[in-house]
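Undergrad: The task is simple: from the sequences and hints, build the whole structure.
From first to last, the protein sequence lines stand for chains W and L. If you number the first sequence the way the numbering used here does, the last residue is 359 and the count never jumps. If you number the second sequence the way the numbering used here does, the last residue is 1260 and the count never jumps.
In case anyone wonders, no lab produced these hints; they're calculated from the structure. Among these hints, one or two may not hold up.
[Stated by the list, open to error] From the structure, some residues in chain L lie toward chain W, with a derived Cβ separation under 10 Å:
{"id": "1", "residue": "L1059"}
{"id": "2", "residue": "L1069"}
{"id": "3", "residue": "R1075"}
{"id": "4", "residue": "T1076"}
{"id": "5", "residue": "P1077"}
{"id": "6", "residue": "K1084"}
{"id": "7", "residue": "R1115"}
{"id": "8", "residue": "V1244"}
[Stated by the list, open to error] Think about it this way: if two alpha-carbon atoms lie no more than 30 Å apart in a straight line, the pair counts; the simulated DSS-like pairs of lysine-lysine are:
{"id": "9", "chain 1": "L", "residue 1": "K1203", "chain 2": "L", "residue 2": "K1192"}
{"id": "10", "chain 1": "W", "residue 1": "K200", "chain 2": "L", "residue 2": "K1033"}
{"id": "11", "chain 1": "W", "residue 1": "K200", "chain 2": "L", "residue 2": "K1189"}
{"id": "12", "chain 1": "L", "residue 1": "K1033", "chain 2": "W", "residue 2": "K203"}
{"id": "13", "chain 1": "W", "residue 1": "K200", "chain 2": "L", "residue 2": "K1193"}
{"id": "14", "chain 1": "L", "residue 1": "K1192", "chain 2": "W", "residue 2": "K200"}
{"id": "15", "chain 1": "L", "residue 1": "K1203", "chain 2": "W", "residue 2": "K200"}
{"id": "16", "chain 1": "W", "residue 1": "K192", "chain 2": "L", "residue 2": "K1192"}
{"id": "17", "chain 1": "W", "residue 1": "K203", "chain 2": "L", "residue 2": "K1203"}
{"id": "18", "chain 1": "L", "residue 1": "K1192", "chain 2": "W", "residue 2": "K203"}
{"id": "19", "chain 1": "W", "residue 1": "K203", "chain 2": "L", "residue 2": "K1193"}
{"id": "20", "chain 1": "W", "residue 1": "K200", "chain 2": "W", "residue 2": "K188"}
{"id": "21", "chain 1": "L", "residue 1": "K1243", "chain 2": "L", "residue 2": "K1192"}
All C-beta atoms, glycine included, are put in the ideal place defined by N, C-alpha and C.
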Amino acid sequence: MTEYKLMKGNEAMAEAALIAGCRYYYAYPITPQNEVVAYMAKNMPRVNGTFIQAESELAAASMVMGSAASGGRAMTSSSSPGITLKQESISYMAGAELPCVIANIMRGGPGLGGIAGAQGDYFQATRGGGHGDYRTIVLAPDNAQELADFTVEAFDLADEYRTPVIILADGYLGQMSEPVVLPKPTGKTFEKPWAVTGAKDRKQNIIVSLLLHPENVLELHNLHLQEKYERITQKIRRYETYKTEDADWLLAAYGTSARIAQKAVDKLREDGIKAGLFRPTCLWPFPDRELAECASHCTRLLTVEMSHGQMVEDVKLAVNGAIEVDFYGRAGGALPTVKDIIARIKNYEHSEFTHVQAS
Amino acid sequence: MSTQNLHMYRRPEALLNVRTHYCAGCGHGIIHKLFAEALGELNIREETIVVAPVGCSVLLYNYINVDGLEAAHGRTPAVATGVKRAQPNRIVVSYQGDGDLLAIGTGETLHAANRGENITVIFVNNANYGMTGGQMAPTTLVDQRTLTSPKGRNPQETGYPIRACELLSTLEAPAYIERVSLHNPGAVKKTKKAIVKALQYQKEGRGYSFVEILSMCPTNWGIEPAAGADWIKTSMVPWFPHKVFRDRPAEAAAAGGKAS
Ligand SMILES: Cc1ncc(C[n+]2csc(CCOP(=O)(O)OP(=O)(O)O)c2C)c(N)n1
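TA: Have a look at this one:
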């Protein structure tokens, strides 16, 4: 029998990390992800793991680097301002090809912003975030169940590709309580012959991101990273569609925005308006071909975000001008409303004739 | 000269046979050798992991035949913490310069010490930022000229040189804190002893050990390589006195208590 537990998204994610074999968790408190830190403080001892409340996010992410380099499964989590500080280590780990998981339970910005959920860190997460030419895999859950499931997957992806993986969720998802079926461990194991464990009966293992000699070694390393990112892009195509088969009007959204958009789709359908939703569950690599295919029979696309337009850029790149892409977003802790989405789509219905003529 | 004397100056096993990239008269090379000798004496080369800082010694792992990794500038003790927590049975060494340890990484330095992490920090104090060409460091002496204190360090504007050992000695957790230097052969010998002791304590699980080493940087001090040792003695030692600031295991042994 499936056993449901009522858990906050943050707690579901934390427990899933333990299930995935995460034994090293380092973090600094920040709302709205404090539940993760408290959960790990309480539960890491149960699995003989390490929890440290670090002196800063800079330090927490560097501790992750140390444990990841040792071959352990390591994780940190934070919310937007803290994630900015973690970018230092994320860049180093991307460069040194160290697997780890970083969760960003986003809040509003810029600056200290507010503590309510937002989606203003899409660019930061999907474009690398720190300095240098790198990407991180970015998983985007939209409920507590996915926060748990994606976390388990994130550790495997990190190990498989030797790269940091980001879980990008928002404060609403992190703090809302929902029924969750805790995932099972995947059972996958990964050899880590590169880990720094002491040079016994073998040559030194050295984990660096500084590459000076010979002259082209850094260019070659960057080409190697790009080749890996290409492999990831070919392999990871993650998205969900909702009533898109016959849709005239396509919505695109992720996370909490997608839940709101899905409600709007249902309401519109009740009124006989054929709306559908495309929801990327991975934001880098972005499921561009799949979105383009989905949009190919639609009249217009509306991207809904809790920001002033970030994912919409990837959406536009994906459809590449094939149909018009519109944007509706609210930020700073405010949520897009079902009502506003419906009004937009109904407005498109009214103006369809003029729109078609104009194009 | 007897063959035994020749053997005394053999390259330590843990020291790799490579050309140095350090400047003439630089102290890093001496410290690398002492570190390598200590690894040999304690027979811990195969279980040691070094965390290299951002600084002149970023290529530490090119000289010492142990596993190694690079931290971001200043995060060295945090990375070392992550390594040690994942591998409590390994010897973990955080090797750092004064910019790394006392400026950009002050927080990491203080908190790793305060947690009493069972790691060893080797702190190379050369009174300037070597790698970037000789800027003012937190340990730059009053009136010392650097690229960024061209008229000499003015304490009215930039404060006084920070004493790391004294600062860390205010904390309860550290087990061993000592300042040594490289200014003459006797001092070098004491430096070696301090490194061995720190590593030995870590091996025994005694907790955080910290060895500050006053080290020469003649290139950026603007003096002849041969003059570096004297400069340490006359300029640095008066402000940074040699001292054992903390030796909990020895104190416990002296008190007749159990050393654990
Ligand atoms: C975040 C960051 N800031 C600045 C630098 C540039 N940088 C490299 S080494 C260094 C100073 C190192 O000085 P110190 O720690 O005293 O070591 P030394 O080179 O003297 O041995 C600086 C500022 C960097 N690499 N990263």
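Undergrad: Determine for every hint whether it applies to the structure shown.
TA: Structure-based check of all given hints:
Restraint check, L1059 of chain L versus chain W: the minimum CB separation of about 8 Å is within 10 Å; hint holds. Given the 10 Å rule on beta carbons, the hint for L1069 of chain L holds: about 4 Å separates it from the nearest Cβ of chain W. Below 10 Å, beta-carbon pairs count as interface contacts, and R1075 of chain L has one with chain W at about 4 Å; its hint therefore holds. Given the 10 Å rule on beta carbons, the hint for T1076 of chain L holds: about 8 Å separates it from the nearest Cβ of chain W.
At about 8 Å, the closest approach between the beta carbon of P1077 of chain L and any beta carbon in chain W falls short of 10 Å, and the interface hint on this residue holds. Evaluation of the K1084 of chain L hint against chain W yields a held restraint, the C-beta minimum of about 8 Å falling below 10 Å. For R1115 of chain L, the suggested interface contact is upheld, since its CB lies about 8 Å from the closest CB of chain W, less than 10 Å. Taken as an interface hint, V1244 of chain L does not check out: its beta carbon lies about 27 Å from the nearest beta carbon of chain W, beyond 10 Å.
For the proposed pair K1203 of chain L and K1192 of chain L, the alpha carbon gap of about 16 Å is at most 30 Å, so the pair holds. About 20 Å separates the Cα atoms of K200 of chain W and K1033 of chain L, which keeps this hinted pair within 30 Å; it holds. Note on K200 of chain W and K1189 of chain L: the hinted pairing holds, with a Cα-Cα distance of about 28 Å set against a maximum of 30 Å. Of the supplied pair hints, the one linking K1033 of chain L and K203 of chain W holds, its CA atoms being roughly 20 Å apart against a limit of 30 Å.
The straight-line distance between the Cα atoms of K200 of chain W and K1193 of chain L is roughly 25 Å, inside the 30 Å bound, and the hint therefore holds. Between the alpha carbons of K1192 of chain L and K200 of chain W the distance comes to roughly 24 Å, so the proposed pair stays at or under 30 Å and holds. Restraint check for K1203 of chain L and K200 of chain W: satisfied, since their Cα atoms lie roughly 17 Å apart, inside the 30 Å limit. At most 30 Å may separate the alpha-carbon atoms for a hinted pair to count; K192 of chain W and K1192 of chain L exceed this at roughly 35 Å.
For the hint pairing K203 of chain W with K1203 of chain L, the CA-to-CA distance comes to about 22 Å; that is within 30 Å, so the pair holds. Proximity of K1192 of chain L to K203 of chain W is assessed by CA-CA distance (about 26 Å); at most 30 Å being required, the pair is judged to hold. Our distance criterion of 30 Å between C-alpha atoms is met by K203 of chain W and K1193 of chain L, whose separation comes to about 28 Å. Proposed proximity of K200 of chain W and K188 of chain W is supported: the alpha carbons are some 26 Å apart, at most 30 Å.
Of the supplied pair hints, the one linking K1243 of chain L and K1192 of chain L holds, its CA atoms being roughly 14 Å apart against a limit of 30 Å.
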